[in-house]
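2 protein chains.
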Amino acid sequence: MKKYNVAIVGATGMVGHSLVQVLQERNFPIGHLKLLASIRSVDTEIEVMGQTYKVEEARPEAFDGVDIAFFSAGEAVSLTLGPEAVRRGAVVVDNSNAFRMSEGIPLVVPEVNPEMLASHQGIIANPNCSTIQLVVALQPLQTTAALKRVVVASYQAVSGAGKEAVDELMDQARAVLDGTTTMPLIRFPHANAKVQHQMAFNMVPQIDVFVEDGYSKEEMKIIHETRKIMGLPNLKITSTTVRVPVVNGHSEVVNVEFDQHVSVEQIREVLRESPGIVVMDDPAELLYPMPAMLSGRDEVFVGRIRVDHSVPFGINMWVVSDNIRKGAATNSIQIAETLIARGQL
Amino acid sequence: MKKYNVAIVGATGMVGHSLVQVLQERNFPIGHLKLLASIRSVDTEIEVMGQTYKVEEARPEAFDGVDIAFFSAGEAVSLTLGPEAVRRGAVVVDNSNAFRMSEGIPLVVPEVNPEMLASHQGIIANPNCSTIQLVVALQPLQTTAALKRVVVASYQAVSGAGKEAVDELMDQARAVLDGTTTMPLIRFPHANAKVQHQMAFNMVPQIDVFVEDGYSKEEMKIIHETRKIMGLPNLKITSTTVRVPVVNGHSEVVNVEFDQHVSVEQIREVLRESPGIVVMDDPAELLYPMPAMLSGRDEVFVGRIRVDHSVPFGINMWVVSDNIRKGAATNSIQIAETLIARGQL
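Going down the list, the protein sequences come from chains A and B. Position 232 (the first sequence) corresponds to 232 in our numbering; numbering is contiguous. Position 301 (the second sequence) corresponds to 301 in our numbering; numbering is contiguous.
In case anyone wonders, no lab produced these hints; they're calculated from the structure. It is possible that part of the hints are untrue.
Identical copies go unnamed one by one, so any copy, or any two together, can satisfy a pair.
Stated by the list, open to error - Derived lysine-lysine pairs resembling DSS-like cross-links, with alpha carbons at most 30 Å apart:
1. Lys3 <-> Lys54
2. Lys236 <-> Lys3
3. Lys163 <-> Lys2
4. Lys194 <-> Lys3
5. Lys236 <-> Lys2
6. Lys163 <-> Lys194
7. Lys194 <-> Lys217
8. Lys148 <-> Lys163
9. Lys54 <-> Lys163
10. Lys163 <-> Lys217
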């Protein structure tokens, strides 16, 4: 079996850690493995398959001989080093926002649009976490009826803001429980924000910066990326994204309007038969997806499926997935696996 | 100035405590005050206006001489003792679900439908917390255009499940922070549920029991109560309610479709001019309502107001309010104040 030289850029971050984890779990055919990060993290030791790897500096020469590079070190690093890696012969699966909406760059969720990989020019974009779980759940519904409109409200975990944000949530929670008056306030709504909010025991209705019309970048990502991935440039979709005090696992209330009648049983049926989805939906048994219980899983979980009586043909559902795994690491590795299966790597 | 003999039924609960608090803050013209509860709590001492009151047993005779009784001790108590209190000459403002949807019983939010009080027969129902903040925000919008459809996703605080639920959230959070394997699991989704869920650092997409079509009772309350209060029996509205690890203060993502064009500035303007609402909406300053910062306030706070481009005429907004105060205690007392102002007490 052919093996591939793999580089992970941003190996010390949360997604980097998860990439290392998931590559092992899925027995990805790794030849050489390079763990790359900024100069700060050089020589950090990371255990992979019983071997200790030292983190190397992410610079152009590091990509010589690399077949596939998973980038998860932010937009700036991807913009600089992504094209360098491609020039040196690597295929780049990029988890940043750098190339997602660029013309000609495939934005791929393997369960939804693997065919987009055919035309890649070296860089493949991994969608934003909140988009991935949404399109995995929406795509199968189209086999029952056309989507007329989608309204999304998100409940997004703190891991999406990075390791330091999770630490800060925990420190804040402890401060609240202990009744201390000081708590760290540096990561919410984001690290560079001029105002900082408490996240513990609170809801912060802002993820990323505000960009246009009062929408946050996260909200616009859901709208634009969903259209691109599903190949529905005119899909009517709106979203509101909210950061919640959950460590890991995003949840979404998804309201879907169809162009014709679809029963809840039909919906459950097509979702059950779709790859990467677990239908977890039994109100009588108080069974529905919850993020704290599903952290560490790779599937998208759907529950609370029911008819929306406010439109002729509509449903409400509740969609939960591990934003670090399916929302980032696992999806990236699935892209690489799909490239291999298609003979493109 | 006329004074009124007041009874609080359920005086030892969270809403009871808040009723005592808000009556004092608003200088409600109290003559005699009776604090009532179940036999378990009899002789509990509660400080009111510098005086110590002993809790008495809530039984029919306790209402002799009472002018207005605020009930917040659950449906069963309201069903039994509410009519008894009325028979003895009291007006009952009931915070339970017992009478809300009963024909002929006014269901009142003073900012929205005070005129419904005219026809009361002794019992006035206080709506459910998640409904109150919604209708306060929706009602003024009707002066700009008719509501075609409303889609609500809620983020509801644990105080709505009672004092013990708040304690359990805190105990669970401490267990998670300390990494202990045991934590109390008796209050979520509700105290009588056959399965119990972790609430700390989690989302629980169930509030109250499931009733019909996969909807929870809380979701149906939002739908039915909103229609009754706004006098729009055919209003197209759907909702998904979720319990979140916030101590106090409910949040709602509200998507509204109108029958004609309304600008965001118009919306802000009518909301600003409406009683009981604070528009807190300045993305440039990262200003929007957050429950942890607004606990203890009596207003309904609205932010993140923006155009929804997925329909011809629509908006998204984010609505936060203290569910124990405006969602229960304050609204009940405002009902009593409105009765006084109307000469009905």
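Hint check, failures only: 2, 3, 4, 5, 8
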